[in-house]
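Engineer: Sequence:
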Amino acid sequence: MKIATYNVNGVNGRLPVLLRWLKETNPDVVCLQELKAPQENFPEAAIKEAGYNAIWHGQKSWNGVAILSKTEIQELRRGLPGDPEDLHSRYIEAFVNGIVVACLYLPNGNPAPGPKFDYKLGWFERLTIHAAGLLSRNIPVVMTGDYNVMPTELDVYKPERWVDDALFRPETRAAFKKLVDQGWTDAIRKLYPDDTIYTFWDYFRNAYGRDAGLRIDHFLLSPQIEGQLKAAGVDKNVRGWEKTSDHAPVWIELDV
DNA sequence: ATGCCTAGTGATACTAGA
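Start counting the first sequence at 2; every next residue gets the next number (my numbering).
Please keep in mind that the hints were generated in silico from the structure rather than gathered at the bench. Zero decoy hints are in this set.
Have a look at the derived ranges for each label pair, beta carbon to beta carbon: (1) E154 x G210: 20 to 26 Å; (2) E86 x E45: 26 to 32 Å; (3) A232 x K61: 36 to 42 Å; (4) D182 x E45: 35 to 41 Å; (5) K191 x N238: 22 to 28 Å.
Straight-line Cα separation of at most 20 Å, EDC-like style, residue types lysine to aspartate or glutamate; simulated pairs: (6) K24 x E254; (7) K237 x D29; (8) K237 x D187; (9) K178 x D195; (10) K178 x D166; (11) K71 x E50; (12) K37 x E243; (13) K117 x D84; (14) K61 x E86; (15) K159 x E172; (16) K178 x E154; (17) K191 x D236; (18) K179 x E154; (19) K49 x E25; (20) K3 x E254; (21) K3 x D256; (22) K231 x D195; (23) K244 x D203; (24) K231 x E254; (25) K61 x E41; (26) K37 x D247; (27) K3 x E25; (28) K191 x E154; (29) K159 x D203; (30) K159 x D212; (31) K179 x E227; (32) K231 x D196; (33) K24 x D236; (34) K71 x D29; (35) K237 x D196; (36) K244 x E25; (37) K178 x E126.
Idealized CB from N, CA, C, for every residue including glycine.
All chains should be built: construct the whole structure from the sequences, respecting the hints.
Structural biologist: Laid out in structure tokens, this is it:
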């Protein structure tokens, strides 16, 4: 079974790219982030036509997450618990193919320091609490999406330029490490511990052409599923298509 | 240090992204 995550940066603006990528790579389950569409503007018919069921949590202008699957989707929750005043659509969770799939869009956090960075770290803490609850159930969980964190220097083209950025500050990296250290496996790093692998390239300065990228989209696997990890990768070529997202799709293959 | 690019909103220059 192939599960993918893709920050589409506007699900309607990227619909031709999304549909082409679905057709070419044929994933079983897909987590989408940054829909940038209100609930009623999700392109449900086109997604259905492509062969996928979908659940989504939209929001006007910003954010928005979705889970697509060729099989039945049983929604478990939308919205991250722990703060009733947080109205951003950044988390959706479902039971699919016998696995709990959590799809998340962690806040960017810039400029840092500041209220946006505080929101990021608070969101991270709430995610970590919720993730501990998922682990305590001893079931297969795939927690994936745009974490907006480069976990190590290997994940940034020029680490020295990013040390004060919300995506790479020590507090952010420490929060990611604390989460992973609960017992999660970073799927890409398990299979490729030393390789330079990016999932995002800025629209500025020909970043894709120069391969000046970041690895910020991640798959975290619970102990009950990490043994089934067979392959993982980034569909880097998609970043080179016309009218494409600044992120590339990331995927894992599970032997289930 | 800043803009570079791109999308959304809504009709203009903003915000937001990372």
